[in-house]
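**Q** Protein chains in written order, with this note's numbering: chain A, 44 to 520; chain B, 44 to 520; chain C, 44 to 520; chain D, 44 to 520.
These aren't lab readings, by the way, just hints derived from the structure by calculation.
Identical copies go unnamed one by one, so any copy, or any two together, can satisfy a pair.
Here are the simulated lysine-lysine pairs, DSS-like style, with alpha carbons at most 30 Å apart:
hint, residue 1, residue 2
1, 115, 79
2, 498, 98
3, 98, 115
4, 428, 98
5, 79, 232
6, 232, 498
7, 445, 428
8, 428, 448
Number of protein chains: 4
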Amino acid sequence: MADNTNQEHKALWGGRFEGHPERFTQEFGASLDVDKRIWEDDIVGSIAHSHMLAKQHVISEEDMEAIVAGLKRIAGSIERGEFVYDVDDEDIHMAIERALTEQIGEAGGRLHTGRSRNDQVATDMHHCARRMACSCARSLLEMRQTLIDVAEANFGVVMPGYTHLQKAQPVLLSHHLLAYYWMFSRDFKRFMDAYDAADELVLGSAALAGTTYPLDRTAVADELGFSRISENSLDAVSNRDYLLDLVYACAVTSMHLSRLCEEIVLWSSDEFGFIRLDDAYSTGSSIMPQKKNPDFAELVRGKTGRVYGDLVGLLTVMKSLPLAYDKDMQEDKEGVFDAVDTVCDCLRCTEGMVRTMHVCEDRMRAGAQGGFMAATDLADYLVGKGMPFRQAHEVVGELVLKCEKEGRTLQSLSAEELGRQAPEFGSDAPAAVDIDAIVARRNTAGGTGHEAVRKQLARARERQEDDRRSLDAIDAG
Amino acid sequence: MADNTNQEHKALWGGRFEGHPERFTQEFGASLDVDKRIWEDDIVGSIAHSHMLAKQHVISEEDMEAIVAGLKRIAGSIERGEFVYDVDDEDIHMAIERALTEQIGEAGGRLHTGRSRNDQVATDMHHCARRMACSCARSLLEMRQTLIDVAEANFGVVMPGYTHLQKAQPVLLSHHLLAYYWMFSRDFKRFMDAYDAADELVLGSAALAGTTYPLDRTAVADELGFSRISENSLDAVSNRDYLLDLVYACAVTSMHLSRLCEEIVLWSSDEFGFIRLDDAYSTGSSIMPQKKNPDFAELVRGKTGRVYGDLVGLLTVMKSLPLAYDKDMQEDKEGVFDAVDTVCDCLRCTEGMVRTMHVCEDRMRAGAQGGFMAATDLADYLVGKGMPFRQAHEVVGELVLKCEKEGRTLQSLSAEELGRQAPEFGSDAPAAVDIDAIVARRNTAGGTGHEAVRKQLARARERQEDDRRSLDAIDAG
Amino acid sequence: MADNTNQEHKALWGGRFEGHPERFTQEFGASLDVDKRIWEDDIVGSIAHSHMLAKQHVISEEDMEAIVAGLKRIAGSIERGEFVYDVDDEDIHMAIERALTEQIGEAGGRLHTGRSRNDQVATDMHHCARRMACSCARSLLEMRQTLIDVAEANFGVVMPGYTHLQKAQPVLLSHHLLAYYWMFSRDFKRFMDAYDAADELVLGSAALAGTTYPLDRTAVADELGFSRISENSLDAVSNRDYLLDLVYACAVTSMHLSRLCEEIVLWSSDEFGFIRLDDAYSTGSSIMPQKKNPDFAELVRGKTGRVYGDLVGLLTVMKSLPLAYDKDMQEDKEGVFDAVDTVCDCLRCTEGMVRTMHVCEDRMRAGAQGGFMAATDLADYLVGKGMPFRQAHEVVGELVLKCEKEGRTLQSLSAEELGRQAPEFGSDAPAAVDIDAIVARRNTAGGTGHEAVRKQLARARERQEDDRRSLDAIDAG
Amino acid sequence: MADNTNQEHKALWGGRFEGHPERFTQEFGASLDVDKRIWEDDIVGSIAHSHMLAKQHVISEEDMEAIVAGLKRIAGSIERGEFVYDVDDEDIHMAIERALTEQIGEAGGRLHTGRSRNDQVATDMHHCARRMACSCARSLLEMRQTLIDVAEANFGVVMPGYTHLQKAQPVLLSHHLLAYYWMFSRDFKRFMDAYDAADELVLGSAALAGTTYPLDRTAVADELGFSRISENSLDAVSNRDYLLDLVYACAVTSMHLSRLCEEIVLWSSDEFGFIRLDDAYSTGSSIMPQKKNPDFAELVRGKTGRVYGDLVGLLTVMKSLPLAYDKDMQEDKEGVFDAVDTVCDCLRCTEGMVRTMHVCEDRMRAGAQGGFMAATDLADYLVGKGMPFRQAHEVVGELVLKCEKEGRTLQSLSAEELGRQAPEFGSDAPAAVDIDAIVARRNTAGGTGHEAVRKQLARARERQEDDRRSLDAIDAG
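Full structure from sequences and hints, please.
**A** Structure representation (structure tokens):
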């Protein structure tokens, strides 16, 4: 039995306990494997706390210096991978506190003055959440830059635009790629909002009710770079909104990635043939020698599932929890880390895929000739000649049906053939169905016309600079 | 067979079609029941579009005037409940267009110049989403006001503060209620962000590629009060982020409501007895004469499920959809409307519940005496006398165990009894466990001390004014 | 104020209440709009209950006869659409009870003897859930029959088989369609399991603790066709597992439908061109005359979202609810009805789409020639000549690369060209890459070979008969 | 650059590839960390496959013996933790294949004859899913046994029964605990159904289309203990229903656990005080010496979130995937393992909590006196004296209101006081409100009466035996 119990806890929780937790429950309750990764946030936070305690004369300068030196030694040893975790370390906070007390003795215990595990953990997670929001934002910037670069490098390439996966109207490939640019720009903003949600110091809330020590919370916020302090201690220790915001931002980004990767998979197919992925972003088959699979695009698309799951998980955890802290909330971390890591990896992978893919311009152009995509412009031509739109739509619809049955394109129809269908068709009618001309004509703001897309590119570059500057400012500190 | 097909569609879709949809598929594909509610957004949008078309000389002034007059007549008839929908009206847009053409003839068809159903529907939804975001924000303001009012009206009432649903430290009821104030304030911001996400004119994107007509998109944006125009037509017709942002804001608000309502249910129980709900917010049992059930709190808590479901639904719809518009996206509306309606109703119901509930101050105070909540302060007392915290924690833990076995409170211990446990306890020790004093001591920023809560209330009122002003500014247009 | 309160409730809930609910909360708490549809289950259940009460001498024969006659009259009036709901009818149960009492006076009240709203509603929902499970199962049988029919009608048609949406090996279209047959067969079983989960009489559990009346629960179960009675009253009134099972079955079916419809969308594209949907299952565009969109396939695919959402909704509602009945559970119905209706409609729509689609055999066969799908068999040929598989894989991979660069198919390589690559290639090598022969060779059980698929079809027909028989047996009662 | 690429893959995928994957993408695509745990399933499956290949004369007896011996050596080395993974081992299957080839040379390659990674992985997962379903079922049996044991040990203890968390009617604690017994019994059945769904051999489906080798699939099924073989190769390699069924069973079990743990948290509160958790299943606070928190119950409740998330994750992955295998499906494993591990751990933890908890019989009985729970029986008493139920309900409601205002219980009312309220109350009226008598009266099947619960316990024990026998039969093979 002795093997399965843990006398250490009695010491920590004091005289109220007569029994000991069993080994299994102790492991079940532990979170060290997961929260290990916030060690740096924990140490930085503890240093700021001890600085303030000394400044406020709650602890002595000597104690403070011993604490800070001890924490720095521990940080070094964790960084070098030399730190030895104890079997009884439930979480990273206990591990660090234990090591500190082993090193500097009683003074180590004074670090915990005026704070509790509840506000300490919450502070660490706010600190870490800001960092994670920035990582995601940085990855998004790179993805966006690549979309701009590839859009510029392929300016002028025409491809079919689709609705309902049916060919609709020809568009510039650059226009198509920039559609994703703006999606990822909205995602960037969502991560900046998540950063802002996390940017609040909760330390000083203690277990749930605040503390009796004369803490200077603003000083700690300043040292840790938080722009404001929390308003209510009960809320502060039980608030997980900032993590939800972060996971939600990940979920929407994943959704956007799933759309882009769906298209990469489609475009890599033999049927579309619009792109060839670089060998570095493809895999083969051990059985079928001809296979070159867009595995990574599929994997990114599939990983949407886990990120959606992470969001549902955290929403479920928080449902119906009474104030203030409940242990359920310990389940917040794993999903957040998973969502953030997944999205960063997926962005990196997709960025490389797009950067290195070979655009098969000829296949795109050939695709743009098919599918009768000039039909709208042909109808517009008739409208220009005075025919009501509904009638023009009907006339062109019949031309399409005829071409389809004969296996021809609209471009193959001569002026004479057109004239037989409707006398309004003149000798300039064939020009109306020229694919490049059709694209070039759509120059209202946001349209696919060459001029409009050039302006769009300029605005995208501008936005890129703005966003990069905001992020740099945060990173600078 | 004739009964089950629909020749009307052939007319609309033109010469390309030889067969007709069956009645069942037509109904399956229809969205009128759901999108009926955006009729006003549709009409306002169409008026702005026709104004601009005339200004740009795309249509004549006469046509424009006929269109606008016709649309206003239709608006009037819908408002008065007199509008007659046709069995073939697939959606509200077709219904209005059909009625317009019936009224003003050919000119009605010109309204559709330079736009498509894709950008028209998206415009209407952006317009409506802004309105919905404001409704939710307005309901939140009222909920928040009531929390402030009830917190002020009950200032000084002491209750147990909990962690793990175990009594932890006494707090002010006002502090507890204000915790929710700040949650709902964050929700307010989320709805303002959702408003901002929707605040973009997409009209002018046409089906997917922009249009050849010389549209003035900025003029339309100005008339409809949109602060910017969309940058990319492919993105514009297939973007549903702004709806996701709205549903996400609803989901987090629902989660907060579920927490508050969980507490209302707990507090209404015979065991807690902290509040008595007004009869107007309770229900009885047809079988058990004694029952007075907090049905509405439970219902609000339960409705969290549908809002979470709405979020999952829309995320699922959007996953892996290739550009640009796909019919899957028609499934966006019902969930959004449901989430918004649910949250507004739940806020209204909970606001009334909180405003009218009777606070049982005596039961709260009695509860605050129990559970040994003074233990922390008793330990702090010993630390003040020079005892290391760990040892103080141990000593007090043993006192708790002793009291628990004897069925006594810490407050019942005399100075002598305390002294027998540890010589550090002096004659002032009993004062350390006075519940009001314990609360009053926690005056660091955000703490539960009377002074700190008074400041918090002031900040809450200030925030209330700021947020009300922002919302009024939006509503004013 | 009088307008907003409801004095009726005081009467029902008796002397304990002094105030009245407001109109808004009353509407908020009402479920009539949703539970109207279980009126028939309610009436059948009440008739069985009153039969038993009379048999057990709890009520008189006369009362029973009056009750039964009254309920039948009410059923008739609901059926004919003549039943008038009262503004105070919270739910269908109250509406029927009120109407009954209006009709037959005091005896109507005796119907409620020995039962409570909690077990009454649960009984109705079990009864209705069985019916819904059967509807879904019936729709699945029809979908499956159509898959068999289309597989048989197109036996011998060869198409490319894909992994990673890359052409992998040629398969029979029949084999491909039958893959969905087996998915939907598993769904059928899931609905039969959901039926079984619902097939339990809970009446007699009363509010939560059972009742003091000498009820004969088995007699009621027999009359209502339930195969067993519930074992524990607390569980019985708060169990929603059988509804979860039903929604889960819907969710998996939706997922399968989303896969089939994804393929229908792909196959309808200009690039694949494998099928042409019937005009009855396509829609056009009011702008683009050439468009013929697979709208219905997209809509079915999109509706997966709402069904997933319904599942998440109900799981969320049930999380953390203490025993026994809590009002949260009233939120169970809408999601279940929505999931069941959606799945039945989607099955019907997809069944029609598949039944009427035109298979473009030539495009499928042409597609099967491309993509180097014979590569595996070519490598197997070399292995047959004694070459180790890894080396054969390498040799064929190089052939593929060469062909790809030269824009040729493997079938276009002459025996000489092959021989130059590897001396093991003999004059019979070209025969190894014949597409029909490749398909025909795969005749292990479950493979795509003609013989294997013929056997599979036979087993599918057999399973169809078995499942139809089971369902008929249930429907027969 | 050399550091970041991987030449190994070229060898495996053969001549078609000119470039190499980068290190990052290779790691991104790897699944070894996750699928390591199915090593045993992989080895057992490979042994069965090689036995069959030899029996069918596809490989020689010598090769088979070398393969089997090699695989067993590898199994031993993995079991002893001595197996060395290579940096290029993408997954466990590649790791084992590589090691085998290193050991026995060319014969190792022949193991892969007639199978592909797609059907190999699917076979391993089916094999493993059966095992996981049994583990969960076994854990459920233990949980259920403990519920029976605790119900028996505390037979006769009376507690309040709740609806809406309001005291409703008194019940036996045993009855309350057995409610969970039946929930977990339904879960058991769900895991048995998930077992059955997994119990199908898919090997022989090869990459997607079956194979040309004369495999004996039934022989492999027999050796691996699968009760049937899959019917369609395309379905077989892309079916993940059996994993969904498993995760769904986990999700419902988690929901049930969250309900039980919610009650454990409530009952452990100072306000309820119905149970005291064993010290081994409680934790303290490093700050508050009095705290004894039901951390483990909260943690179990919180872990519902991750299991729901796992279900949503897998449903999302599978949505809209075209046939046959797509790489997205690699994302199936982690969520399933997480759900299964979580549920097994949670069951173990909760089982221990329930087994060791101290029941505070006095607090339960005291609670049962409060809340006017005798009101229903008092009304029934009046009905027995001939008063219509609605009137009786009204009379008792007024008594409740009176008692509530005076702070009394119904049990404290004398016969005289009752008589003043209604003349029907006789001298036997006080007996009607005796708590034990109220419980004892509810003896219809499934009710809380002592006799009914005794029968229920007998049926629970019987079911326990049946289920244990079924599971033993499966485990026996």
